[in-house]
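Next come the chains, spelled out residue by residue.
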Amino acid sequence: MIKFENVGLRYGMGPEVLRDVSFHVPKQSFQFLTGPSGAGKTTLLRLLFMSLRPTRGLITVFDKDIATIEVSELPLLRRRIGVVFQDFRLLDHMTIYENVALPLRVRGREEAGYRSDVLELLKWVGLGDRLHALPPVLSGGEKQRVAIARALIDQPEILLADEPTGNVDTPMAKRLLRLFLELNRLGTAVVIATHDLGLMDQVEARRMILSEGQLEIYE
Amino acid sequence: MRPMAPIVPRSGVATQALILVIAIMSFLSCLTVGAVSLVNKSATTWQSQISREATIQIRPGDGRDMSAALDAARAAALRFEGVRDARIIGNEETIALLEPWLGSGLGLEELPVPRLVVVTIDETAPPDFEAMRGAIREAVPYASLDDHRAWVDRLVGMARTMTFIGVSILGLVLAALVLTVVFATRGAMAGNQHVIEVLHFIGAKAGFVARQFQMRFLLSGIWGGMIGGGTAIIVFFLVNWWAARNIITPEGEQASALFGDFAIGAAAYGGVVAVIVLVGLLTALTTRLTVLQALRDIDDRRADPGRLD
Ligand SMILES: Nc1ncnc2c1ncn2[C@@H]1O[C@H](COP(=O)(O)OP(=O)(O)OP(=O)(O)O)[C@@H](O)[C@H]1O
Ligand SMILES: [Mg+2]
Chain A
556 MIKFENVGLR
566 YGMGPEVLRD
576 VSFHVPKQSF
586 QFLTGPSGAG
596 KTTLLRLLFM
606 SLRPTRGLIT
616 VFDKDIATIE
626 VSELPLLRRR
636 IGVVFQDFRL
646 LDHMTIYENV
656 ALPLRVRGRE
666 EAGYRSDVLE
676 LLKWVGLGDR
686 LHALPPVLSG
696 GEKQRVAIAR
706 ALIDQPEILL
716 ADEPTGNVDT
726 PMAKRLLRLF
736 LELNRLGTAV
746 VIATHDLGLM
756 DQVEARRMIL
766 SEGQLEIYE
Chain B
-15 MRPMAPIVPR
-5 SGVATQALIL
5 VIAIMSFLSC
15 LTVGAVSLVN
25 KSATTWQSQI
35 SREATIQIRP
45 GDGRDMSAAL
55 DAARAAALRF
65 EGVRDARIIG
75 NEETIALLEP
85 WLGSGLGLEE
95 LPVPRLVVVT
105 IDETAPPDFE
115 AMRGAIREAV
125 PYASLDDHRA
135 WVDRLVGMAR
145 TMTFIGVSIL
155 GLVLAALVLT
165 VVFATRGAMA
175 GNQHVIEVLH
185 FIGAKAGFVA
195 RQFQMRFLLS
205 GIWGGMIGGG
215 TAIIVFFLVN
225 WWAARNIITP
235 EGEQASALFG
245 DFAIGAAAYG
255 GVVAVIVLVG
265 LLTALTTRLT
275 VLQALRDIDD
285 RRADPGRLD
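From first to last, the protein sequence lines stand for chains A and B. Going by our numbering, the first residue of the first sequence is number 556, and it counts up by one from there. Going by our numbering, the first residue of the second sequence is number -15, and it counts up by one from there.
It is possible that some hints are incorrect.
One-sided and incomplete, this derived list gives chain A residues near chain B with beta-carbon spacing under 10 angstroms [claimed, not checked]: (1) L631; (2) R633; (3) I636; (4) L646; (5) R660; (6) L732; (7) R733; (8) L734; (9) L736.
These are calculated hints, taken from the structure and not from any lab test. Ideal Cβ placement from N, Cα and C applies to all residues, glycine included.
Let's have the full structure, built from the sequences with the hints guiding it.
Okay, here's the thing in structure tokens:
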């Protein structure tokens, strides 16, 4: 579904953050992306999400070479990818409900059509009773779950999550992991960037380990 | 359930500042429009008032029969097409005209004072002044015709200059308005960068994002324009009302001599509406261009990660 071939990336004149990275994210796969802080996990996710273009190498997303793609096609590709940002990026003037519904609104859907889906998803992530709270009053873990719900609302083909359990306690982390696994069973490919070893030990899954710009894959 | 919150936050200090700045600039622009239209209208009024009349002057001289000369000149003038009326200014009236300058009780009857015939002209079809001048001179050799041409020419020149100055000032004020609106809009937009980014990353198309911002800021622009334009209209009304009340006093007469009836005309009100529309469109357009530029920037960064910070 997403393929990297000899991808290299450097920010400006800085050192190469990623060097010669090649891998493939197949349909319906589940993998962890890990490595020490500053290893380039967020950078790699941003490449996957087309918010960065590589300095070298080839990236194909849904069989399209993103170096040559029309800018106007990008939104349509992005709609097939769900992203949970490390810093959430919720809109503070919208309620939880509205934040989660935003991707659907952007796609031009009518509220009547998706209301019950949003409510159900929010219940699933344990926020069913906080629909009208605004993000600034939420705890870190609650924001995290809103961000996850927003990424999942349109049933993306692939979910990219950057430290999705970074702000929650172990039981909640387990619950979120179960949520990702269930999502995966339903057919969504999942990439979770994390350095939480405890989390990774709970699942038999592919591990992509970044260190010093190189990627190693343990199946 | 309550309606969804707007995608672009409703208002912040920056938006209120934007509305205020737009209101002030629109107000100044509208006042300039009003002033220019007033000057222009007054200039037209002076012109038509003066060109409606011409005067025949008959110089006194030894042994001249003044009243016969006046009658002859009047008759000569009246024979022309385009002359509505010709009136001899009587002795009494002539003295009254001179009194303010010479004082009374001087025995003006004794002085050799020139006498006048006032000729009223049909402005729409004025007579041939050259032919008329000839005919009058023939009838009364020591008479002269003044068609106020020199005056009118000077007034027209002056009115043109004033209108030109007014239009130039209006141009400058409008340019300032445009720049202010552009910069204030971009300032207010800067606080919404994160909204643009989030919309971008959840797959919104550029046009969608631009539309959201355009609507919000179009409303701000129209609001500001209406506050400024509305205030200007109130000022116009006050000026008209003041003029109507004071026109009978000596000061008022002076003002009305200069500015006609001092009424601010339909053109000015039309100008106000035009300013409001201009401001609204300008705000919306600036917003659109700013949003599209912001989105392009995000995509450029994609191409050149070095630009990120
Ligand atoms: N916008 C940027 N401009 C310049 N350098 C950057 C930029 N973003 C990241 N870097 C650098 O790239 C390297 C990788 O950063 P990245 O955020 O991808 O790490 P990470 O693995 O996600 O770390 P963490 O686990 O702390 O989130 C770091 O050395 C970082 O300083
Ligand atoms: Mg990171």
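Verification of the hints:
Interface restraint check for L631(A): the shortest CB-CB distance to chain B comes to about 7 angstroms, inside 10 angstroms, so the restraint holds. The beta carbon of R633(A) comes within 4 angstroms of a beta carbon in chain B, closer than 10 angstroms, and the hint placing it at the interface holds. The criterion of a C-beta within 10 angstroms of any C-beta in chain B is met by I636(A), whose closest approach is roughly 8 angstroms, and the hint holds. Proximity of L646(A) to chain B holds as hinted, the smallest CB-CB distance being about 6 angstroms (cut-off 10 angstroms).
Annotation: R660(A) was flagged as interfacial toward chain B, and the flag holds, the nearest CB pair being 7 angstroms apart, inside 10 angstroms. Hint status for L732(A): violated, given a least beta-carbon distance of 24 angstroms to chain B, over 10 angstroms. Given the 10 angstroms rule on beta carbons, the hint for R733(A) is violated: about 25 angstroms separates it from the nearest Cβ of chain B. Of the supplied interface hints, the one on L734(A) is violated, with its beta-carbon coming no nearer than about 19 angstroms to a beta-carbon of chain B, more than 10 angstroms.
Taking 10 angstroms as the C-beta contact cut-off toward chain B, the hint placing L736(A) at the interface is violated, the least distance being around 24 angstroms.
In summary, the numbered hints that this structure violates are 6, 7, 8, 9.
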